[in-house]
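The whole structure should be built from the sequences, with the hints applied where relevant.
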Amino acid sequence: MSADRGIVRAYGALVALYPRKFRDEYGADMVQFVRNTCEEEPTWRIASRVVVDLAISIPTQHLEVHMHRNPSSLVPIIYTAIAGAGVVLAVVGGTSVAMLVVGLSVAVAAAAMAIVAWRRIAPIGGSIETAQWWKFVLIGSALIGGVIVAAEAGVDDWLAGVLIVFLGLILIGVGLLLGLVRLKKSRPPVLPT
Amino acid sequence: MSRRPENQKSLPAASLHIVLALLDGELHGYAVMQRVGELSEGAVKMGPGTLYGTLNRLVDDGLVVETTDRIERSESERRRYYELTANGRSVALVELARLRTLVDRVSRTLGGGAIA
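As given, the protein sequences belong to chains A and B, one line each in that order.
All the letters of the first sequence, read from the start, carry residue numbers 1 to 193 under the numbering used here.
All the letters of the second sequence, read from the start, carry residue numbers 1 to 116 under the numbering used here.
Treat the hints as calculated values from the structure; they're not laboratory data.
Hints may be right or wrong, so weigh each one.
[Claimed, not checked] Using C-beta positions, here's what the derived DEER-type ranges look like:
1) A:A160 with B:A86: 45 to 53 Å
2) B:V59 with A:T43: 25 to 33 Å
3) B:D104 with A:D157: 45 to 53 Å
4) A:R35 with B:R108: 40 to 48 Å
Everything numeric in this text was worked out from a predicted model, so none of it was measured.
Ideal Cβ positions, reconstructed from N, Cα and C, are used throughout, including at glycine.
Put into structure tokens, the structure is as follows:
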């Protein structure tokens, strides 16, 4: 079925958002997993499960690479903060540029605070997969831009709009966080005088 | 890093379902998901990111080992296979015992036959 092939192809492209080591190790199996699932379940059910799975597991894997330990205790904090931003957006109307800025700021600030707290309990070391940060920002911006364009064009699906903006904010927040970490790591060390 | 079966903390839900599914023996990733679905009567369905992320963590923790290259396989079987390590099996059995105890206690509290 073409819809199934479309899902498999789209999923194959989205696997690029996982950390390189993880996707090199499991990417082919994950795409095969979705292909097998397409033979057994309705397309809409697979699509909804895969979207939720991506939204949870991509940030989790990046944080695991970053922290070299299970982030289960802090991922919920980050998500709660981002969810708060999403709720603010939903209450105010979802598509105003000002509220997007507020929501984005809250998400990034919350993620940064979580990282600061995390560093206190788990010093960061080793390599980090941050080179892909721009992909998150690009895809997140595209999702939010799509919602704005659709709203301007008269599409009136409030819930879908809020959910897509929410997903876009998550992606942008993770992307900016990875970008900040990359920037910090790229600075030359200050030599003692 | 390896876990000690005794005095261990409870496994997170996804890890618990996977180690219980692997008690049957070696399985590939998709078969793990199918087995989890069978065991939970369809209540638990894992996405690929959750499944392989959890398997990756269990391998790091020394509870699961990849067995893909241990035996010769046909071209159609070119997938990653996993099985429990001895430690992973002990952890799974401890978790199973814990679940049995929980069900027994709740059954007694509810007056016996309330839970089939």
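Cβ distance range 45 to 53 Å for D104 of chain B and D157 of chain A, holds or violated = Check passed, 49 Å falls within 45 to 53 Å.
Could you check the hint for me, namely that R35 of chain A and R108 of chain B are 40 to 48 Å apart, CB to CB?
-> The hinted range 40 to 48 Å holds for R35 of chain A and R108 of chain B, with Cβ atoms some 47 Å apart.
Range agreement (Cβ of T43 of chain A with Cβ of V59 of chain B, hint 25 to 33 Å) | Holds: the Cβ-Cβ distance is about 32 Å, inside 25 to 33 Å.
Does the hinted range 45 to 53 Å hold for A160 of chain A and A86 of chain B at CB?
-> holds (49 Å)
In this structure, none of the earlier numbered hints is contradicted; all agree with it.
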